[in-house]
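Number of protein chains: 2
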Amino acid sequence: MVNLIELNERQGKILDIVKKHGPITGENIAEMLDVTRAALRPDLAVLTMSGYLDAKPRVGYTYKSDGMANKIDKLLRQYRVKDIMSMAVVVKEKCSIYDAIVTLFVEDTGSIFVLDNEGYLNGIVSRKDLLKTTLGQADIHKVPVSVIMTRMPNIITATVDDMVVEVTKKIVEHEVDSLPVVKCFIGTNNEEKYEVVGRVTKTNIARLLLDLACK
Amino acid sequence: MVNLIELNERQGKILDIVKKHGPITGENIAEMLDVTRAALRPDLAVLTMSGYLDAKPRVGYTYKSDGMANKIDKLLRQYRVKDIMSMAVVVKEKCSIYDAIVTLFVEDTGSIFVLDNEGYLNGIVSRKDLLKTTLGQADIHKVPVSVIMTRMPNIITATVDDMVVEVTKKIVEHEVDSLPVVKCFIGTNNEEKYEVVGRVTKTNIARLLLDLACK
Chain A
19 MVNLIELNER QGKILDIVKK HGPITGENIA EMLDVTRAAL RPDLAVLTMS
69 GYLDAKPRVG YTYKSDGMAN KIDKLLRQYR VKDIMSMAVV VKEKCSIYDA
119 IVTLFVEDTG SIFVLDNEGY LNGIVSRKDL LKTTLGQADI HKVPVSVIMT
169 RMPNIITATV DDMVVEVTKK IVEHEVDSLP VVKCFIGTNN EEKYEVVGRV
219 TKTNIARLLL DLACK
Chain B
19 MVNLIELNER QGKILDIVKK HGPITGENIA EMLDVTRAAL RPDLAVLTMS
69 GYLDAKPRVG YTYKSDGMAN KIDKLLRQYR VKDIMSMAVV VKEKCSIYDA
119 IVTLFVEDTG SIFVLDNEGY LNGIVSRKDL LKTTLGQADI HKVPVSVIMT
169 RMPNIITATV DDMVVEVTKK IVEHEVDSLP VVKCFIGTNN EEKYEVVGRV
219 TKTNIARLLL DLACK
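From first to last, the protein sequence lines are chains A and B. Numbered per our numbering, the first sequence spans residues 19 to 233. Numbered per our numbering, the second sequence spans residues 19 to 233.
Any given hint could be a false lead.
Stated by the list, open to error - Label-pair distances were calculated between CB atoms; the ranges are:
hint : chain 1 : residue 1 : chain 2 : residue 2 : range
1    : B       : Gln-155   : A       : Glu-191   : 49 to 57 angstroms
2    : A       : Met-181   : B       : Ser-104   : 21 to 29 angstroms
3    : B       : Pro-41    : A       : Lys-100   : 32 to 40 angstroms
4    : B       : Ile-204   : A       : Asp-229   : 33 to 41 angstroms
5    : A       : Val-161   : B       : His-192   : 29 to 37 angstroms
6    : A       : His-192   : B       : Ile-204   : 42 to 50 angstroms
7    : A       : Ala-57    : B       : Phe-203   : 46 to 54 angstroms
8    : A       : Met-181   : B       : Val-165   : 24 to 32 angstroms
Stated by the list, open to error - With a Cα cut of at most 25 angstroms, we get these calculated DSS-like pairs of lysine-lysine:
hint : chain 1 : residue 1 : chain 2 : residue 2
9    : B       : Lys-187   : A       : Lys-187
10   : B       : Lys-150   : A       : Lys-110
11   : B       : Lys-187   : A       : Lys-188
12   : B       : Lys-160   : A       : Lys-150
13   : B       : Lys-146   : A       : Lys-110
14   : A       : Lys-188   : B       : Lys-146
15   : A       : Lys-211   : A       : Lys-110
16   : A       : Lys-160   : A       : Lys-112
17   : B       : Lys-82    : A       : Lys-146
18   : B       : Lys-38    : A       : Lys-187
19   : B       : Lys-146   : A       : Lys-150
20   : B       : Lys-38    : B       : Lys-82
21   : B       : Lys-188   : A       : Lys-150
22   : A       : Lys-160   : B       : Lys-146
23   : B       : Lys-112   : A       : Lys-146
24   : B       : Lys-146   : B       : Lys-112
25   : B       : Lys-146   : A       : Lys-146
26   : A       : Lys-146   : B       : Lys-110
27   : A       : Lys-146   : B       : Lys-150
28   : B       : Lys-146   : A       : Lys-112
29   : B       : Lys-150   : A       : Lys-160
30   : A       : Lys-100   : B       : Lys-187
31   : B       : Lys-150   : A       : Lys-112
32   : B       : Lys-146   : B       : Lys-187
33   : A       : Lys-110   : A       : Lys-160
34   : B       : Lys-188   : A       : Lys-187
35   : A       : Lys-150   : B       : Lys-112
36   : A       : Lys-150   : B       : Lys-110
37   : A       : Lys-146   : B       : Lys-188
38   : A       : Lys-74    : A       : Lys-37
Just so you know, the hints here were simulated from the structure itself, not pulled from any lab data. Glycine is no exception: its CB is placed at the ideal position from the N, C-alpha and C atoms.
Input sequences plus hints: build the corresponding full structure.
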């Protein structure tokens, strides 16, 4: 279990002083803050017991740089794709480019996942892919979306149990707007097949940040 | 100053027990955890001094629901647009739709800001706007981007000092991918003019979450 607690202003100041001047005695910290040693005792207790500071007899307080400070990452790492994902928007691979664009507007989505005849993930098309196509000479009413899609195995995917942090990293590094959330099956010829169970988007991530901020 | 510290596993368990059974004495908590009262003392000290628990003589520990638990929002609220924003991609309003699309691909951006003759913000076009246009009959080589852009004052903007949390809210609620970051000037006729100084995108927000998770 991870919970986060907030340091008060004085605890923050103590931390700054120890970072700068440590090792430093409690008396010296008290002097710098113009308070009594006794008044500082609870704050110093919180800081040592929570792993921010080390207290050594006859030496004083030192800052533990490998301590538990700012472990917001542990909190963030609790979130999984299943906690934030949306419904997937899919089309069949015979769908025309024009119909794919219409689907994109109707569903108000950024990317569309393309399924093969058996209903497994075969490709993905983004707004960018579609926009590029409309600049060319292709007859978008006739050409199927499968001609322009990014195909498996070149698709970055996620699973429901992936950490949001890891998925965010994938989205940022591969410069995509969303990832299909998939379940993997092994086919009769030992090939991997992916059932699409959702999508995880930059909007889902932005919403998570908003949820965390408004708790 | 806000810093966050992490509770250890036992402190988490104590919190759960007090939430469920409080008011409860230290002895009873120790029994439930099968440890001595003395062993619990440091943990109970952290929890009371950090504002999670209240300790009343002859009554026991109670949970402070209005305490400082989970104040991740305070940390998030420290971040401003200037901490995460990117460079703006701009075109003049006489720019053709075709050239705007080319700029979008060259700069690899989602939205383009359109400037008036004086260089102030006048409009915005998104990938979605451009894609919609290419479906129509317009000659994208001739029609200027100003014909299809969203115009001031219908543009949602941000400033460098806006909180990331507030800007994230705007982006999610208005279902846009990015906001122009602007500086406001008062023109000679008392009209407001906006200089574009950057853009803030869902990618910037995703990167912030990643930075926080990897600290």
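Status of each hint after checking the structure:
| no. | hint | in the structure |
| --- | --- | --- |
| 1 | Gln-155(B) <-> Glu-191(A): 49 to 57 angstroms | violated, 39 angstroms |
| 2 | Met-181(A) <-> Ser-104(B): 21 to 29 angstroms | holds, 25 angstroms |
| 3 | Pro-41(B) <-> Lys-100(A): 32 to 40 angstroms | holds, 37 angstroms |
| 4 | Ile-204(B) <-> Asp-229(A): 33 to 41 angstroms | holds, 38 angstroms |
| 5 | Val-161(A) <-> His-192(B): 29 to 37 angstroms | holds, 34 angstroms |
| 6 | His-192(A) <-> Ile-204(B): 42 to 50 angstroms | holds, 44 angstroms |
| 7 | Ala-57(A) <-> Phe-203(B): 46 to 54 angstroms | holds, 50 angstroms |
| 8 | Met-181(A) <-> Val-165(B): 24 to 32 angstroms | violated, 45 angstroms |
| 9 | Lys-187(B) <-> Lys-187(A) | holds, 22 angstroms |
| 10 | Lys-150(B) <-> Lys-110(A) | holds, 22 angstroms |
| 11 | Lys-187(B) <-> Lys-188(A) | holds, 23 angstroms |
| 12 | Lys-160(B) <-> Lys-150(A) | holds, 18 angstroms |
| 13 | Lys-146(B) <-> Lys-110(A) | holds, 22 angstroms |
| 14 | Lys-188(A) <-> Lys-146(B) | holds, 23 angstroms |
| 15 | Lys-211(A) <-> Lys-110(A) | holds, 16 angstroms |
| 16 | Lys-160(A) <-> Lys-112(A) | holds, 10 angstroms |
| 17 | Lys-82(B) <-> Lys-146(A) | violated, 51 angstroms |
| 18 | Lys-38(B) <-> Lys-187(A) | violated, 38 angstroms |
| 19 | Lys-146(B) <-> Lys-150(A) | holds, 12 angstroms |
| 20 | Lys-38(B) <-> Lys-82(B) | holds, 12 angstroms |
| 21 | Lys-188(B) <-> Lys-150(A) | violated, 29 angstroms |
| 22 | Lys-160(A) <-> Lys-146(B) | holds, 22 angstroms |
| 23 | Lys-112(B) <-> Lys-146(A) | holds, 23 angstroms |
| 24 | Lys-146(B) <-> Lys-112(B) | holds, 20 angstroms |
| 25 | Lys-146(B) <-> Lys-146(A) | holds, 9 angstroms |
| 26 | Lys-146(A) <-> Lys-110(B) | holds, 22 angstroms |
| 27 | Lys-146(A) <-> Lys-150(B) | holds, 12 angstroms |
| 28 | Lys-146(B) <-> Lys-112(A) | holds, 23 angstroms |
| 29 | Lys-150(B) <-> Lys-160(A) | holds, 18 angstroms |
| 30 | Lys-100(A) <-> Lys-187(B) | holds, 22 angstroms |
| 31 | Lys-150(B) <-> Lys-112(A) | holds, 22 angstroms |
| 32 | Lys-146(B) <-> Lys-187(B) | holds, 21 angstroms |
| 33 | Lys-110(A) <-> Lys-160(A) | holds, 14 angstroms |
| 34 | Lys-188(B) <-> Lys-187(A) | holds, 23 angstroms |
| 35 | Lys-150(A) <-> Lys-112(B) | holds, 22 angstroms |
| 36 | Lys-150(A) <-> Lys-110(B) | holds, 22 angstroms |
| 37 | Lys-146(A) <-> Lys-188(B) | holds, 23 angstroms |
| 38 | Lys-74(A) <-> Lys-37(A) | holds, 15 angstroms |
The structure does not agree with the numbered hints 1, 8, 17, 18 and 21 stated previously, though it agrees with the rest.
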